[in-house]
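One line per chain: the protein sequences are A and B, in this order. Residue numbering for the first sequence is 21 to 480, as defined by this note's numbering. Residue numbering for the second sequence is 21 to 480, as defined by this note's numbering.
Everything labelled a hint here was simulated from the structure, so no lab data went into it. A hint or two may mislead.
Straight-line C-alpha distance at most 30 Å; calculated DSSO-like pairs for lysine-lysine [to be verified]:
1. Lys214/A <-> Lys214/B
2. Lys112/B <-> Lys48/B
3. Lys290/B <-> Lys301/B
4. Lys42/A <-> Lys52/A
5. Lys112/B <-> Lys86/B
6. Lys301/B <-> Lys209/A
7. Lys214/A <-> Lys329/A
8. Lys439/B <-> Lys88/A
9. Lys419/B <-> Lys117/A
10. Lys419/B <-> Lys86/A
11. Lys428/B <-> Lys88/A
12. Lys439/B <-> Lys112/A
13. Lys68/A <-> Lys439/B
14. Lys354/B <-> Lys209/A
There are 2 protein chains.
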Amino acid sequence: MDYIYLSDLFSNVIELKGKDIKLKGWIKNHRKQKEFGFIYFSDGTCFKQLQLVYDKELKNFEEIQKIKIGSAIEVIGELIESQGGGQEYELKVKELKLHGDCTDDYPIQPKQHSMEFLREQSYLRLRTNTFQAVFRIRSVASMAIHEFFQSRGFIYAHTPIFTASDCEGAGEMFRVTTQDLNKIVKTGKVENEKEYFGKPVGLTVSGQFEGEAFAQAFSKIYTFGPTFRADPSHTPLHIAEFWQIEPEVAFCDLEGIMDISEDFMKFIIKYTLDRCPDEFKFLDKFVENGLIEKLIKVISNKFVRATYKECIEILQKADIKFQFKPEYGEDLAKEHERYITDYFKCPVFITYWPQKVKKCFYMKQMDDGTVANADLEMPGIGETYGMSQREDDFDKLDKYITELGMDKSEYIWYMNLRKYGTTTHSGFGMGFERLIMYMTGMTNIRDVIAFPRTPGNCLY
Amino acid sequence: MDYIYLSDLFSNVIELKGKDIKLKGWIKNHRKQKEFGFIYFSDGTCFKQLQLVYDKELKNFEEIQKIKIGSAIEVIGELIESQGGGQEYELKVKELKLHGDCTDDYPIQPKQHSMEFLREQSYLRLRTNTFQAVFRIRSVASMAIHEFFQSRGFIYAHTPIFTASDCEGAGEMFRVTTQDLNKIVKTGKVENEKEYFGKPVGLTVSGQFEGEAFAQAFSKIYTFGPTFRADPSHTPLHIAEFWQIEPEVAFCDLEGIMDISEDFMKFIIKYTLDRCPDEFKFLDKFVENGLIEKLIKVISNKFVRATYKECIEILQKADIKFQFKPEYGEDLAKEHERYITDYFKCPVFITYWPQKVKKCFYMKQMDDGTVANADLEMPGIGETYGMSQREDDFDKLDKYITELGMDKSEYIWYMNLRKYGTTTHSGFGMGFERLIMYMTGMTNIRDVIAFPRTPGNCLY
Numbered sequence: 021m022d023y024i025y026l027s028d029l030f031s032n033v034i035e036l037k038g039k040d041i042k043l044k045g046w047i048k049n050h051r052k053q054k055e056f057g058f059i060y061f062s063d064g065t066c067f068k069q070l071q072l073v074y075d076k077e078l079k080n081f082e083e084i085q086k087i088k089i090g091s092a093i094e095v096i097g098e099l100i101e102s103q104g105g106g107q108e109y110e111l112k113v114k115e116l117k118l119h120g121d122c123t124d125d126y127p128i129q130p131k132q133h134s135m136e137f138l139r140e141q142s143y144l145r146l147r148t149n150t151f152q153a154v155f156r157i158r159s160v161a162s163m164a165i166h167e168f169f170q171s172r173g174f175i176y177a178h179t180p181i182f183t184a185s186d187c188e189g190a191g192e193m194f195r196v197t198t199q200d201l202n203k204i205v206k207t208g209k210v211e212n213e214k215e216y217f218g219k220p221v222g223l224t225v226s227g228q229f230e231g232e233a234f235a236q237a238f239s240k241i242y243t244f245g246p247t248f249r250a251d252p253s254h255t256p257l258h259i260a261e262f263w264q265i266e267p268e269v270a271f272c273d274l275e276g277i278m279d280i281s282e283d284f285m286k287f288i289i290k291y292t293l294d295r296c297p298d299e300f301k302f303l304d305k306f307v308e309n310g311l312i313e314k315l316i317k318v319i320s321n322k323f324v325r326a327t328y329k330e331c332i333e334i335l336q337k338a339d340i341k342f343q344f345k346p347e348y349g350e351d352l353a354k355e356h357e358r359y360i361t362d363y364f365k366c367p368v369f370i371t372y373w374p375q376k377v378k379k380c381f382y383m384k385q386m387d388d389g390t391v392a393n394a395d396l397e398m399p400g401i402g403e404t405y406g407m408s409q410r411e412d413d414f415d416k417l418d419k420y421i422t423e424l425g426m427d428k429s430e431y432i433w434y435m436n437l438r439k440y441g442t443t444t445h446s447g448f449g450m451g452f453e454r455l456i457m458y459m460t461g462m463t464n465i466r467d468v469i470a471f472p473r474t475p476g477n478c479l480y
Numbered sequence: 021m022d023y024i025y026l027s028d029l030f031s032n033v034i035e036l037k038g039k040d041i042k043l044k045g046w047i048k049n050h051r052k053q054k055e056f057g058f059i060y061f062s063d064g065t066c067f068k069q070l071q072l073v074y075d076k077e078l079k080n081f082e083e084i085q086k087i088k089i090g091s092a093i094e095v096i097g098e099l100i101e102s103q104g105g106g107q108e109y110e111l112k113v114k115e116l117k118l119h120g121d122c123t124d125d126y127p128i129q130p131k132q133h134s135m136e137f138l139r140e141q142s143y144l145r146l147r148t149n150t151f152q153a154v155f156r157i158r159s160v161a162s163m164a165i166h167e168f169f170q171s172r173g174f175i176y177a178h179t180p181i182f183t184a185s186d187c188e189g190a191g192e193m194f195r196v197t198t199q200d201l202n203k204i205v206k207t208g209k210v211e212n213e214k215e216y217f218g219k220p221v222g223l224t225v226s227g228q229f230e231g232e233a234f235a236q237a238f239s240k241i242y243t244f245g246p247t248f249r250a251d252p253s254h255t256p257l258h259i260a261e262f263w264q265i266e267p268e269v270a271f272c273d274l275e276g277i278m279d280i281s282e283d284f285m286k287f288i289i290k291y292t293l294d295r296c297p298d299e300f301k302f303l304d305k306f307v308e309n310g311l312i313e314k315l316i317k318v319i320s321n322k323f324v325r326a327t328y329k330e331c332i333e334i335l336q337k338a339d340i341k342f343q344f345k346p347e348y349g350e351d352l353a354k355e356h357e358r359y360i361t362d363y364f365k366c367p368v369f370i371t372y373w374p375q376k377v378k379k380c381f382y383m384k385q386m387d388d389g390t391v392a393n394a395d396l397e398m399p400g401i402g403e404t405y406g407m408s409q410r411e412d413d414f415d416k417l418d419k420y421i422t423e424l425g426m427d428k429s430e431y432i433w434y435m436n437l438r439k440y441g442t443t444t445h446s447g448f449g450m451g452f453e454r455l456i457m458y459m460t461g462m463t464n465i466r467d468v469i470a471f472p473r474t475p476g477n478c479l480y
């Protein structure tokens with residue numbers, strides 16, 4: 021008899037009612053009574069679990085009663101309307117056998133575990149309700165990203181992880197080496213020419229520059245892959261390895277990339293809400309009250325666009341005493357961001373920041389000392405990600421790179437993109453984990469990536 | 021006037037015929053005559069190019085004649101049926117202006133460039149016909165991968181890039197460090213405890229193990245992300261950074277994973293053939309004659325399954341003198357693989373190899389000294405990728421890990437998956453670039469990944 025997945029069972033309950041069904045999965049909970057037993061069963065293919073009811077009629081009743089939580093089982097039974105409360109359907113067991121046993125030291129028990137404890141069991145925490153919800157949403161949101169871009173004709177660009185740029189500066193860059201560090205101690209010399217690549221390289225912090233090369237060939241492209249920062253900050257928002265989404269669009273100005281950005285956010289949220297109702301209900305109840313309402317608000321309202329200058333004026337007129345005085349030419353503090361999103365009561369693109377605040381050499385320089393960029397501020401969390409029109413003028417780029425004291429030789433190819441058929445072009449860079457935090461209500465970035473890498477932590 | 025993309029133009033020619041249209045893109049070729057000019061125009065959104073025809077009536081005729089190949093332009097014109105041969109439609113130009121100039125040293129000219137030359141211009145080669153075809157196919161095939169798995173309920177798992185396993189052995193693993201190598205020379209000591217992670221880590225060679233942890237929680241999962249090997253081989257098949265697809269499926273045996281594997285290959289090929297007809301026609305003509313026929317054969321035939329033992333017998337009976345004598349217990353040589361696919365005239369899963377040939381500790385051990393694995397051999401290229409049922413018995417795994425002299429402490433978590441509700445489970449690991457080579461006919465792996473990383477080469 022073929023087995024079916026729980027996701028298929030729940031989407032076909034009407035047809036399957038009264039029929040015998042075979043399932044394979046794991047025991048999440050097991051309540052035993054003298055004549056009966058109840059098993060909460062999941063195969064991880066959907067958020068819903070199924071209650072299995074077995075009784076003394078089964079010839080292996082006593083063996084079944086010994087099966088421990090966490091064990092893998094195979095079960096055949098009839099799908100019936102549930103006698104008890106709490107669920108619509110249950111399985112009246114006809115055969116149940118152990119597939120894979122679980123030892124007594126199994127750390128995941130049907131009780132509340134702390135997030136800290138679960139982080140130390142990251143290979144097992146995927147089996148808990150919270151992480152089942154978070155990682156199904158993460159997977160569906162990933163698909164939403166591909167759907168969004170591919171249906172609009174964007175090319176998926178796999179930009180490189182190894183990078184030759186900025187690998188000597190290395191402030192926030194991880195360095196890759198094939199030299200034996202102990203050998204360096206022994207010989208007393210660094211032999212970069214013996215490196216795999218013949219020179220030092222690092223791990224990319226962004227695929228933007230290569231993405232721009234793609235956009236100058238295909239017009240519309242996106243990246244979606246891992247990027248790295250050796251940021252030593254111990255905060256719930258920082259992590260060494262994270263996934264980024266970085267579209268680049270030729271013949272597109274700042275207004276254009278804000279349009280794409282807004283459509284993108286709304287699409288991802290709606291797509292995921294539609295496909296994970298049980299997961300969002302659970303998170304709304306146990307992780308962030310009001311989560312669903314918050315997300316629906318985002319998809320139903322037009323985002324506001326306000327210049328940095330306008331925002332400074334709003335802040336300066338505000339009837340509130342800020343810890344940091346808002347001043348033109350200074351960065352916005354968290355309290356300022358919060359005030360702005362409260363003021364507009366919706367997501368806000370803050371546009372055209374002073375160049376000296378942003379100091380990003382690749383942002384398009386305007387005549388008034390600002391750059392053609394925008395940061396998207398979301399109510400409740402503040403800045404989520406940035407976007408900009410890219411500097412398309414070779415000479416301006418050249419001059420600013422010199423001014424910032426950067427090693428120009430590394431950027432010649434990037435600058436050349438401005439010599440060979442340059443275009444008005446723009447892009448954004450979004451940290452995927454930040455988006456998933458926002459969508460799930462999880463407050464620590466370590467809990468939205470399966471195997472988080474943070475200072476001092478690299479498990480498995 | 022809003023501009024449209026060339027891909028939208030070509031899918032709506034009937035409606036657009038006779039209408040004025042605005043386009044933005046690049047000049048691929050420019051033929052000038054006294055009274056006329058012809059521009060081959062592309063915006064990279066589809067493989068087809070459009071011919072723009074302009075004449076002396078335009079007031080900036082002389083300026084237009086000076087516009088160089090590679091330049092970005094904006095053009096308005098009427099879509100008309102083509103007067104000349106070679107194309108169905110062309111644009112009769114009414115306005116044409118330069119958007120971004122191109123300097124005379126532009127390396128990509130409308131002539132045949134060698135692959136070697138183009139590799140040195142990897143940020144520009146994306147603009148050539150061949151790479152437009154290859155990278156559009158790569159993008160569409162990526163989408164096919166997500167479609168295939170997501171529509172079957174698989175969870176997309178982002179497995180980590182930084183890994184703590186096997187980072188001391190480091191045979192083929194890149195090591196990551198935040199130590200300053202020059203400081204090691206100065207102080208004369210390696211301070212692993214000062215590393216970002218507090219210990220040495222490496223770049224993953226595979227997401228399989230973490231994928232197994234995911235599968236034991238969600239039943240069906242897949243990875244699709246970059247992996248790394250510091251393999252110093254200078255061959256057209258080896259590369260340091262490549263993307264892998266690694267599904268893992270709980271409650272699935274070797275037969276099951278072969279079924280998925282076969283469905284997967286056929287789905288990806290069909291999906292991509294359907295969506296990139298122009299690209300495949302081009303590659304069939306200029307890169308591999310018979311490419312389309314080869315691919316259609318793959319999707320229309322059932323793959324054969326033959327045991328390693330059967331294959332050895334076929335090879336031993338063969339009426340041919342091999343350079344290497346086929347013998348039970350030895351690996352198959354390229355010539356053997358070729359004979360087997362010629363013999364069956366279709367893709368062949370070679371199954372149940374002797375454990376001592378494969379030496380993979382995670383493959384399910386059978387009673388006869390074989391393992392429950394399969395290599396898929398494709399006509400013309402031989403072994404493409406492998407799959408196996410995973411060893412689900414804690415004690416057997418433990419014993420073999422000891423026998424192979426591996427550092428057991430690194431694998432405790434992986435072994436524990438066999439203690440906590442173990443399942444019959446299987447997976448495969450496919451190198452994405454190898455698949456794209458097979459699908460495009462490209463013979464060097466450096467030409468199917470945009471920015472290839474090989475020994476001595478890390479451009480940008």
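> Okay, which hints does this one fail, numbers in order?
Replying inline: Those not satisfied are hints 6, 7 and 14.
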